[in-house]
Amino acid sequence: MEQTRVLRFGAFASFVNVFGVYLIALFFLLLGIALQALGLIQNFISLSNFLNILDNVSLLGIVAVGMAFVTYSGNYADLSVPTTMALTGIVAVEMLRYGFWPAVLAATTVGLLIGLINAVVVGKLKANPIIWTLAVNYVTLGVIRLVWANKQIYPETITDNKEAIGWFDGIFRQEVFSNLFGNPLLDIRLPMVFMVVLVILGQFVLTKTSFGAQLKMTGSAKKAARFSGINVDFVVGMAFVLAAVTAIVGGLAITSLSRTGAYYNGAGYDFRAVTAIVIGGMTLAGGRGSIIGVLGGVLVIGFINNIMTLIGIPTLSQDMIRGLIFIIVVGISAKSLRSLGRDDS
Amino acid sequence: MTTAKTKNSGTSLLAVIDKNRIYIIFAVVLLFMAFFAPKFLNPFNLTTITKTMAMTACVGIGFTIVMICGQLDLSIGTVITMSGIIGLGLKQFVGYELSVPLAIVAGSLIGLINGLLVTKAKINSFIVTLGTMTVLQGLIYFVTGGNSIALSTPDAFAVSDFLSWKIVPLITPRVIVTVVLVVVAQIILSRTRFGRSFYMVGGNKSTAWLAGINTDRTLIIAFVLSGTTAAIGGVLFAMESSAATLNLGTNSLMYVISAAIIGGTAMSGGKGGVIQTFVAILALEILYDGVILFGLGNEVKIFLAGLILALVVLYEAFAIYKHEKTVGQRPELVKELQK
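For the record, the sequence lines run as chains A and B. Quick note on numbering: numbering that gives the first Met the number 0 labels position 255 of the first sequence as 254, and the sequence is numbered without any gaps. Quick note on numbering: numbering that gives the first Met the number 0 labels position 311 of the second sequence as 310, and the sequence is numbered without any gaps.
None of these hints come from the bench; they were simulated from the model. Glycine residues also receive a C-beta, built at the ideal position from the N, C-alpha and C atoms. Hints may contain errors.
Simulated crosslink set (DSS-like; lysine-lysine; CA at most 27 angstroms straight-line) [stated by the list, open to error]: (1) B/K121 / A/K334; (2) A/K334 / B/K204; (3) B/K119 / A/K334; (4) B/K270 / B/K121.
Here are the in silico distance ranges between beta carbons for each label pair [unchecked claim]: (5) A/D168 / B/G94: 34 to 42 angstroms; (6) B/R216 / A/K150: 49 to 57 angstroms; (7) B/F92 / A/N42: 53 to 61 angstroms; (8) A/A266 / B/F92: 27 to 35 angstroms; (9) A/D168 / B/P172: 53 to 61 angstroms; (10) A/G228 / B/R216: 38 to 46 angstroms; (11) A/L50 / B/A157: 45 to 53 angstroms; (12) B/T249 / A/G169: 32 to 40 angstroms; (13) A/Q151 / B/V142: 27 to 35 angstroms; (14) B/S151 / A/L323: 52 to 60 angstroms.
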């Protein structure tokens, strides 16, 4: 009797954990509609605006999927993501002179190298993940500043290879469905497709593979995981590599879309990704949450950004609101987990 | 009894070096620059070092205390910027007499918020301070509209002149304030029961609580101190240069974290000291100053600062890794390592 009650409660709690964030998204959707009804903002309700919202957060979504693995493994966040994005983009632009694919290959190598370093130091040597990835972020920034100073580099000035530039410029601007079906209404660019594919892939890895199960165990109880024979060092390291992989995709996309390689590409993506992850129901203690939830978190961020922009809050000041929401959500999540007796953090 | 004795008499040279490593690093860096860096011993250059050091060292006081408690305060950089903006921005309305205290109180308030969120809402301090940092950043941009504040009134310049007045060579009022704060903080930390409680909380929170320490209050005080010293450092620096830019505190976090760890403050808490952080900051400033003197430019300096932080964290992690690998397996090996 007692047990069934607990079980039911657990099922309900996990339902809220996964889909509760979509209720929050719905709340912001309704908020936007209400604000438009009151005449405070215009153009919120339209297909093009909704596509616009998705388009704006697609890069964040890509990055957040990888970082979610780090959070899930109980290592909070990978703060080296912003400069990983910047460096991969810069390297790609710089290597365009040798063609499009060599550029992508070089960028991927550089990004993976950062991921592997994080994997070894946090996974094997068990350095504090926040301080270590922050240090890596500074070092990568230092490398960029050392080699390219404060300069921005553009594909056109690097090479005359029109084909490579065309590929690099065009690839993330591909409008997949309008090309396929000839419907301009479905103005969906490649990053959005990438985001959806990565979310599905991430959710699959997290729930259906043995790596996902090992990650869950590692995230929720590291010692128990080690004693049950899981290679904890490898699992944690792999999470950081996955974060680097999505950062590479995000870095290439942001550089291609802005047609600029610069040290500030990717700035702020660390914090925004953590916010999306936490709003999406993943707890910072690790081992709880889902990638589908993270997508919901990304959507919430998209709605919030869109509403703030429509109200007319300058982009740089929007951090104020995002930060507040972040703290509140983390506080609520910690408190609710504690009251359920599921968390002692 | 005998083991204690052998431990004392048998401390190897390496252990002594590791314990006092920061003073040795400081001496080595200082001697190297004195011999090799061009114009290093020029009084003008030395004064530049002490001036730059003053802000970071001031910020380092509170940061070290937070780290001794086993927590981390990532918001210090933006608190520095904020205090500069408040101190200079409100001056034209209420004058320095009121705007400077307001700036410092604002810093304490941010610390109080951090402390309350860490202790009462029980959120991890990295996350809390990452959040307050972001909120503050947005707030600063919102209030200033992205513009720096520069004062050019005679009285502002008078204050600026006073703060950069060399009482004796190398020593300006700001340096004195910083050194006094560092010494007072160190005395409190190592000589009073209140100060020792920070170490207790950082070493083992439950034990500290069982020993009758109000752990929540201790943590909150640590965060308040961190916010306060960051604000003092920031506002004094801004007053001396009569300008508050939006990137005033951008690199401070990197410098202060590396200095604290080099100085021997453990990331896991319970170990460290304000004096050591101070000496480490001095050593780092000398190093960065030397980099510029060698004509290597600001880019190299930023790169080096990041690299040093990474190496220090790596060294620290490796030491703990080595220690943990041996713990519980061969007690005699652990003993040998600890010598």
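To see whether the hints hold, each was checked on the structure:
| no. | hint | verdict |
| --- | --- | --- |
| 1 | B/K121 / A/K334 | 8 angstroms, holds |
| 2 | A/K334 / B/K204 | 20 angstroms, holds |
| 3 | B/K119 / A/K334 | 10 angstroms, holds |
| 4 | B/K270 / B/K121 | 23 angstroms, holds |
| 5 | A/D168 / B/G94: 34 to 42 angstroms | 55 angstroms, violated |
| 6 | B/R216 / A/K150: 49 to 57 angstroms | 51 angstroms, holds |
| 7 | B/F92 / A/N42: 53 to 61 angstroms | 39 angstroms, violated |
| 8 | A/A266 / B/F92: 27 to 35 angstroms | 33 angstroms, holds |
| 9 | A/D168 / B/P172: 53 to 61 angstroms | 56 angstroms, holds |
| 10 | A/G228 / B/R216: 38 to 46 angstroms | 43 angstroms, holds |
| 11 | A/L50 / B/A157: 45 to 53 angstroms | 59 angstroms, violated |
| 12 | B/T249 / A/G169: 32 to 40 angstroms | 36 angstroms, holds |
| 13 | A/Q151 / B/V142: 27 to 35 angstroms | 29 angstroms, holds |
| 14 | B/S151 / A/L323: 52 to 60 angstroms | 35 angstroms, violated |
Consistency note: the structure conflicts with the earlier hints numbered 5, 7, 11 and 14.
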